[in-house]
Amino acid sequence: MPLPFPMGIKLKITLAFSAVFILLSFLFNLIGYQRIRTMLIEDSNRYLQSRAATLLEKTEVDPAIIPLPDKNSYIRVLYRTEGRGRVLFESPGIMARIMTPMTPGVTDTLGMRVAFVRSTSEDIPAELVLAVSNVQLQSNLRLLLSMLLFSSILSVLISGLVSYILARILMLPLQRIIHAARNINTNKMRDPIPVNGTRDELHELSVTINEMMQRIDESLQQQQNFFGSASHELKTPLAILRTELEVGLRKQGLEEGLRHLLSNQLEEISRLQEIVNEFLVVSQLRVGSPSIYRQPFDLSVLVVKVFNQLLPLLRQKNLEPIIRFDEEVADFIIVADQDKLRIVLLNLLENAAKYGVSDTAITCKVGKAAMAEELTVQFTNVTNIEKVSTENLQVAFYRSDLVQKGAGLGLWLCNEIIRLHGGRIHISSGNHQFQVEIGLPIADGLIRN
Numbered sequence: 001m002p003l004p005f006p007m008g009i010k011l012k013i014t015l016a017f018s019a020v021f022i023l024l025s026f027l028f029n030l031i032g033y034q035r036i037r038t039m040l041i042e043d044s045n046r047y048l049q050s051r052a053a054t055l056l057e058k059t060e061v062d063p064a065i066i067p068l069p070d071k072n073s074y075i076r077v078l079y080r081t082e083g084r085g086r087v088l089f090e091s092p093g094i095m096a097r098i099m100t101p102m103t104p105g106v107t108d109t110l111g112m113r114v115a116f117v118r119s120t121s122e123d124i125p126a127e128l129v130l131a132v133s134n135v136q137l138q139s140n141l142r143l144l145l146s147m148l149l150f151s152s153i154l155s156v157l158i159s160g161l162v163s164y165i166l167a168r169i170l171m172l173p174l175q176r177i178i179h180a181a182r183n184i185n186t187n188k189m190r191d192p193i194p195v196n197g198t199r200d201e202l203h204e205l206s207v208t209i210n211e212m213m214q215r216i217d218e219s220l221q222q223q224q225n226f227f228g229s230a231s232h233e234l235k236t237p238l239a240i241l242r243t244e245l246e247v248g249l250r251k252q253g254l255e256e257g258l259r260h261l262l263s264n265q266l267e268e269i270s271r272l273q274e275i276v277n278e279f280l281v282v283s284q285l286r287v288g289s290p291s292i293y294r295q296p297f298d299l300s301v302l303v304v305k306v307f308n309q310l311l312p313l314l315r316q317k318n319l320e321p322i323i324r325f326d327e328e329v330a331d332f333i334i335v336a337d338q339d340k341l342r343i344v345l346l347n348l349l350e351n352a353a354k355y356g357v358s359d360t361a362i363t364c365k366v367g368k369a370a371m372a373e374e375l376t377v378q379f380t381n382v383t384n385i386e387k388v389s390t391e392n393l394q395v396a397f398y399r400s401d402l403v404q405k406g407a408g409l410g411l412w413l414c415n416e417i418i419r420l421h422g423g424r425i426h427i428s429s430g431n432h433q434f435q436v437e438i439g440l441p442i443a444d445g446l447i448r449n
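When the letters of the sequence shown are read in order and numbered with the numbering used here, they come out as residues 1 to 449.
Source of the hints: derived by calculation from the structure; they are not laboratory data. Positions of the beta carbon are idealized from the N, C-alpha and C atoms, including for glycine. A portion of the hints provided could be inaccurate.
Beta-carbon label-pair distances, calculated as ranges [claimed, not checked]:
no.: 1; residue 1: E373; residue 2: H203; range: 48 to 54 Å
no.: 2; residue 1: R168; residue 2: E373; range: 42 to 48 Å
no.: 3; residue 1: A16; residue 2: G105; range: 45 to 51 Å
no.: 4; residue 1: L272; residue 2: E328; range: 39 to 45 Å
no.: 5; residue 1: E244; residue 2: E386; range: 46 to 52 Å
no.: 6; residue 1: T38; residue 2: A16; range: 29 to 35 Å
Let's have the full structure, built from the sequences with the hints guiding it.
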């Protein structure tokens, strides 16, 4: 079962160190408590036996002289004759319930500590039983136990805090490695992770990551060089083919079938040119941020041109194009890179046509956001399924439907271009509808409501 919260290495080190410290502290404190407890009891036994012996030395049998016990102490004096003990004196109270021990020593009974001694003189065969409350001894033992527990808890807290601080200090080089690795992307692979000179495991980790990044960088550079070179090489022959087709279509007397064939080929070449342009932008994005040529233009005009360009595709699937412009917006002038936004709009409309259901409508709404200074373009199409998973649609080379054509770069490329313009893109799906909305910031003074 996964933990409800993530545990970092610092916390794991702290918990492990604290667990070991708690175990050792408990073990040593338990042993120390038993040793000190034994010492206190033995010291109490010696004191009681010495006190009882002192009282017995002061006792006279004939005539009977009985020394008075200390406060909170009770005694019983016996005179043994013919193997029998005769009580000469017994303190009133609890002594009546305490039996005389069989052998000298100290015992515990009825909450009392009982010391029993016999006279070593053969002339005076007397015995004495001294009873003292064990409250003080038990209080001392409880105080000792409390002090040991408190010291253990305090030691665990201090050791846990110290271990966390030490773990944090020791993990600082690893944190620097994590921070440097987090800032690495395909455009900054040449920025190595700083390597310390300690020659420890962190040094080895930094060197290993740098070597791995170098290998990845070389591989990416080869891919990007091929991507860019292939795109550049394709532009010239495609432009020549397009020019020749356009010239051929202007000739008089062409058969209708041949004219239709050449028109279809011209459309496909135009589409290939758009794809090559997209590949060039992708190559630039992979290498670094491409140049953005900002200039004012009418976004509404661009939207209409894009729909006209893809009108054959919409007719092929019998999709009805619906464009709605916000009547409250005076104009739709925006300062941006028109060619790159054309790529965005073409991709979004082509996706809507590709995945839209035949005999339905594709709706495009162009307006101004109410809460932000930005123009919005929203594409909505009907889908066969109730809801489309949108989690990975903006990941490069991801395709939700492998049967469909395409490299899976469309929405990723749109997201990158919109990001370069400082805008936003939002994808949502539900109730058999798929919706993509882009927002582009408006330059001050260009839009008048």
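Now for the hints, and whether the structure bears them out:
no.: 1; hint: E373 / H203: 48 to 54 Å; in the structure: 51 Å, holds
no.: 2; hint: R168 / E373: 42 to 48 Å; in the structure: 44 Å, holds
no.: 3; hint: A16 / G105: 45 to 51 Å; in the structure: 49 Å, holds
no.: 4; hint: L272 / E328: 39 to 45 Å; in the structure: 40 Å, holds
no.: 5; hint: E244 / E386: 46 to 52 Å; in the structure: 48 Å, holds
no.: 6; hint: T38 / A16: 29 to 35 Å; in the structure: 34 Å, holds
Going through the hint list in order, the structure satisfies each hint without exception.
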